[in-house]
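Participant: Read off the chains here:
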Amino acid sequence: MPATDIAIVGFAQSPSLRDANPSEVQLLVPVVTQAIEMAGINRREIGFTCAGSCDYLTGGPFAFVSNLEAAGAWPPISESHVEADGAWAMYEAWMRLQEGDIDIALAFGSGKSSPSNPAEVWAQQLDPYYLAPLGVDPISLAGIQARALLDSGKATEEDFAKVVVNSRRNAAANPNAQLKDADTTVEALLAEPYFRTPLRKHDCPPISDGAVAVVMARGDKARELCSRPAWIRGMDHRIEAHQPGVRDLTSSPSTALAARKAGYDGGPLDVVELSGTFSPQELILLDALGLSLDGDTKVNPSGGALAGNPIMAVGLVRIVEAAARIIDGSANRVLAHATGGPLLQQNLVCLMEGE
Amino acid sequence: MSNERCAIIGVGQTNFKKRRDDVSMPGLLREAIDRALEDAELTLRDVDAVVIGKAPDAFEGVVTPEIFLADALGATNKPLLRVHTAGSVGGSTCIVGAHHVIAGIHGTVLAVSWEKQSEGNAQWGLAGGRSGGIGAGGAFAPWMRAYIERSGAPEYIGWMVAVKDRRNAAKNPYAHLKMPDITLEQVKESPMLWDPIRFQESCPSSDGACAVILTNEEGARRSSKPAAWFHGLSVKSELSNFPGRNPVKPQAGVECAHDVYRQAGITNPRSEIDVAELYVPFSWYEPMWLEGHDIAGPGEGWKMVDSGETDLGGNFPVNPSGGVLSTNAIGASGMVRFAEAALQVRGLAGEHQIPGVRTALAQAYGGAANYFAMGVLRTTPPQ
Amino acid sequence: MTDTPKEHMVMEHLVTLTYHERLTENLNRYADNLLEGRIIGAKCPSCGRVFVPSKGYCSLCVVPTTEADEVEVPDTGIVTGFTIVSPVNYYGQKKTEPFVFASVLLDGADTTLGGMDITGVPHSELRSGLRVKAKWKPREERSVEGMSNRGWGGFGDVVESFEVTGEPDADEETYKEHLF
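So the sequences go chain by chain: Z, S and Y. Take the first sequence: its letters are residues 42 to 396, numbered as in our numbering. Take the second sequence: its letters are residues 563 to 945, numbered as in our numbering. Take the third sequence: its letters are residues 297 to 476, numbered as in our numbering.
Quick caveat, the hints were computed from the structure, so don't treat them as lab data. Each hint should be verified, as a subset may be incorrect.
Said to hold, decoys possible - Subject to a maximum C-alpha distance of 16 Å in a straight line, what follows is the list of computed EDC-like cross-link-like pairs (lysine to aspartate or glutamate): (1) 472/Y to 711/S; (2) 391/Y to 413/Y; (3) 302/Z to 711/S; (4) 433/Y to 363/Y.
Please read all numbers here as calculations on a predicted model, not as lab measurements.
Construct the entire structure; sequences and hints are all you get.
Facilitator: Structure follows, in structure tokens:
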């Protein structure tokens, strides 16, 4: 792992909205500007920019070309784009910063799920020869995963409900969250009908629109721009086999591997922000990291992805939420997670500390 | 902290053609990957990370297809990063892969890019499923017209580029359109598609993939074959449409070129570069990029074509592989430029090898000519 | 070329995905005005450039523009670039004869309208610099269907064409930065 010190010094996010009126790029314009203002820099000081978005979510090819306008790409800038969550854009920008010829990088992610039916769109991410023709949708797949988790004896439906209670209650204090309820109880949730057994509606993520941006800086530049930067101690991402049938759906070895590679040694964490978009997935992720809902580590203080799921931004939102708690002094060691593909197939971990 | 030096030590291309219905998407990718690994004398086990690029997912109708391709890419338990920067994506993917090595994050990286347009409807994809599609040529034709008007180039220049690239492609075993006997007359007589672009001055639509193995000095030492070393690499983007934009010579292209020349210590690209693989999907883009990257002065690009300087045997050969005009699996096309530049530097380009190449330039562009990815490769590592 | 003689089985997997997207507020006002035969854009409060249609922000200054920044521009302008397209059977292409695909810079605007038809001059005499004026469709035939939040926004289907006015050509200096 490279020794270079790189930190988050500025960030911003839009609220997670069920149906945002502005276009994707219109959501991004103020978010990118706010992140740059928080870092206290001039746009021209940014040495590299990387964006994350998805054509199929937007419903047209080259959707990212418009998003470039939020970056202020005139005069020309050094820039790239990933067809993935903004967390992977941040990974690329973090990697680029390691080389030492630039001091500041910008990454952002954005997506609007509201124009489409995400369950239909993401069904087209499955193997087009063997899985997609079966018409299986991501929510039913998540139901299969939840059933496997119950059958393994690793969790109960009550545990699923506890995840949702934690999310709704924490989200109550998050102005950017979409679903919040400070008074929710496990009993009330378990009284709800099934949606895809054994999942209830609240076990599934909402449909969300949103955008997020982050500014990173190296070494002394980071210290100059931010009184308490969120230092990135490590970042790594790993992918597993695609076919759900060849994986143990009740575990997430790629999360455990990414965490190890990112330098997470199992030591104490103040905060963990996870992108599990279905409540059982959060339990699987906690297990992979050796954590639990009842431990000393605060789990998803923002409410997590169950409280707002702007796909293509949601992973980077987790990183921003974790970093924010270092920057405001309320935490000293945090871990954030992003995911891609069906059923936690691909996972990214970012470990951050205060100084 | 010092950065690693990065080299291309393996190159693999599929055979490109209109429909590769003999293979699935995973099969197509493996054809390129296996050839690249064989060239690098490595196996998938030696690869630390995979970077993959392609143009819009709508071309094949699969959302982020690398997710289902993870197994075929040999990426399980490894990092897999997907790049998408429009037509320049193959070049960008190679560069993102190289940055993994240069930054010291991974020692050996597989970068692969592809398109299998025959599995979907690419023109539908380009039009976003909307009506009235005119194809990419319609978007670029007005700027080619403007170039011709401003430079005073005779119309046969476009025909010359088409003849040169198609004849070069006949020497490239992987190329899609091979026309060893094509004549200026045939290009001139082909139907006008988007004035001033005729059918034979346009790229085909191909299925195919390209892979490169990128590694550091330690990795390069293990190979018995020569390596192609990065001396410069750069990506630059500008807004696609704004008042004051010069789409004939986009500023992002100028700055991307100057960035790689500076890194490589090149002060006179025309004399210091031995061969160039430039992204030329329509004939006129050859003289436009010669000027757009300050290889030729204003109005001088077409004269380099006219004098035969960009021919296989000329002083500044452009696209000895046959270029995008002969082979265009969109997502792969940018990487093919880097792969072919690497083959030239390594002396492994076969029948279309330019003798004695020490420095090669690779370039890809995309979008509304607002995305650029460029690299300079040499026979020896940078100091 | 050698094609494999073997026939391969082809599996058809047709997918329909439906997207419902409202026009953004700025494009909504632009579309309403087009139906009434008026063209509006937004003047950047920072640099003064006029974007037609409004993007909701200035892409050069990266500052938002609001309804208060919107201005009407005339329906006259200059051809700044063009191609003549021979229709190929690309998806959804209904034209059968070669057609003009031109960029028009409206007077008082800084961005061009793309893909416009130019009439009143034979294809062989079409050139950049020609002065043109919108030939509006009758009110009841105007449509803004197909306008989109993506790309530059579009011009709906509200004019027959831009017709050459016969005025002297504009000087290249006045439009050379507006080729798109």
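Participant: Tell me the hint numbers this structure goes against, listed in increasing order.
Facilitator: Of the numbered hints, 3 and 4 do not hold.
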